[in-house]
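Trainee: Sequence:
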Amino acid sequence: MHRQWLVNRPNCDAPAENLPNHPAFDDWRRYLGEITPGTGDYEHFVEEAFRLHASIRSFGADNVWIHHQWGEHRGSAFHVVTGEKRSAEELKLDGAGIYGAQPNTSMSHQIMTDPADDYAQLAAFQRNAGRYVEVGGFCSENEHDFERVFERMYDRGIRDVILKRRNRKYPLIEVDLRKWKSDGNVLHAVGDEDASWALINDEGASSAYLVQERVTMRYEYRSFVIGNKLVTGAGCVGENTPLNNSGNAFDDTVQEFRSSSTPERLPEVRDALLAFSRKVAKEIAAEAPEIDAYTLDTALDEHDHPLVIELNGHLNAGFYASQPQCITDALRDLQ
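Its first residue numbered 89, the sequence shown is counted upward by one per residue in my numbering.
Note that these hints are calculated values from the structure, not bench results. Do not take every clue at face value.
List time: in silico BS3-like cross-link candidates among lysine-lysine, alpha-carbon distance up to 30 angstroms [unchecked claim]: (1) K252 - K173; (2) K367 - K252; (3) K370 - K317; (4) K317 - K252; (5) K180 - K267; (6) K267 - K252; (7) K367 - K317; (8) K252 - K269.
Using the sequences plus the hints, can you model the full thing?
Mentor: Structure below.
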């Protein structure tokens, strides 16, 4: 018997825009029902359609169960061909694979949702980050307390810092260490009331943030690493989806500065970042072989040197103009 797969039921409305003719939307209609124009986000809906489409093509419809993680059928899975209903937990215990975006149900400051989420601890990341990075927390009362981290960074000559909440996309908080040094008040140094409240809400959570030296990041690129190998990738161009893919598993459309530069096809930039990403993935595999399915985001600094932005679990990651079936094919072949 082939391995069964739990594929998450997308929780998203269709967009108002007309969708092009594509097998991904045919699969949606066949397995999830008609697509009724609504108020949903276009890029999000297209990505979810491609997740389903790639799953059906790689795993085979006979092996796919739609997992409801929200709504009246929460916790249940329905076979896409027969309609049979089973407990998703039972299928997991029977060895079913998991694919598709996962809801964030944990509010814990400490629990990692994926092995890749703890990337800041990797020596491979630190070697290739292209900037000084520590983990830290507000009023954590240990060596990771912001004040101790800020002191170490200030002594290194660092003045501009970015705080990134671990395991969440936001917030990104700017910190001026000159202001912090003048009065020792962390909240004054962030200079933004919303950011201050974010830190207060995380008070006492040790190592809740990445504390990063601010550096220029250009031509951000996302590679999907499955089985310790790069399988597909694309530039982090927010308006692009797999519908925009150029026909190459590693799309060459990039944007110097996200949301403020014109997207360009620059294969030489893509190739430089891919060569670097393959090197980094090899180092991660040697150091932490258990981290074998993730996204690796890279960029060029102001001197055209490549650096690692971050790692993330692949299940919830945006595709941009990559080829999602390369991911599901690789996941299938891992088994």
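Trainee: For each hint, tell me whether it holds in the structure or not.
Mentor: We went through each hint and held it up to the structure:
no., hint, in the structure
1, K252 - K173, "violated, 41 angstroms"
2, K367 - K252, "holds, 25 angstroms"
3, K370 - K317, "holds, 8 angstroms"
4, K317 - K252, "holds, 27 angstroms"
5, K180 - K267, "violated, 51 angstroms"
6, K267 - K252, "holds, 19 angstroms"
7, K367 - K317, "holds, 10 angstroms"
8, K252 - K269, "holds, 21 angstroms"
When the structure is compared with the earlier hints, violations turn up for hints 1 and 5 and for no others.
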